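Colleague: Numbering (my numbering), first residue to last: 92 to 153.
Bear in mind the hints are in silico, worked out from the structure with no lab data behind them. This one's a predicted model, so the numbers in the text were calculated from it and none came from an experiment. Warning: the hint list may mix true and false statements.
Cβ-Cβ distance ranges computed for the label pairs, FRET-style [unchecked claim]:
1) 129 x 152: 32 to 42 Å
2) 112 x 144: 21 to 31 Å
3) 105 x 152: 19 to 29 Å
No residue lacks a Cβ here, since even glycine has one placed at the ideal position from N, Cα and C.
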Amino acid sequence: MSRYANLVALAGIDIGILGLIIAAGSPDASRQYGAALAGGLLAWLIGGLFLVGAYFEAKRPD
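Could you put the whole structure together from the sequences, leaning on the hints where they help?
Modeller: Structure below.
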């Protein structure tokens, strides 16, 4: 398993956690319009894409 895959997986987890923090820590006014939830979900989705990329990087033969 390459070290690059571990780094990409760690970045994906961090971005996903950041998305949850953005969605949970936003004021009620922005939650009402969905902007905070959309931003948090976008960051969570990007983190998930990083994790998928890390999975395929780990499966790739050296």
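Colleague: Against each hint, give a clear statement of whether it holds in the structure.
Modeller: We went through each hint and held it up to the structure:
Between residue 129 and residue 152 the CB atoms are about 39 Å apart, so this pair conforms to the stated range of 32 to 42 Å. Checking the proposed 21 to 31 Å range against residue 112 and residue 144 shows it holds: the Cβ atoms sit about 22 Å from each other. For residue 105 paired with residue 152, a C-beta distance near 27 Å keeps the hint of 19 to 29 Å intact.
Comparing the model with each numbered hint stated earlier shows that all of them hold.
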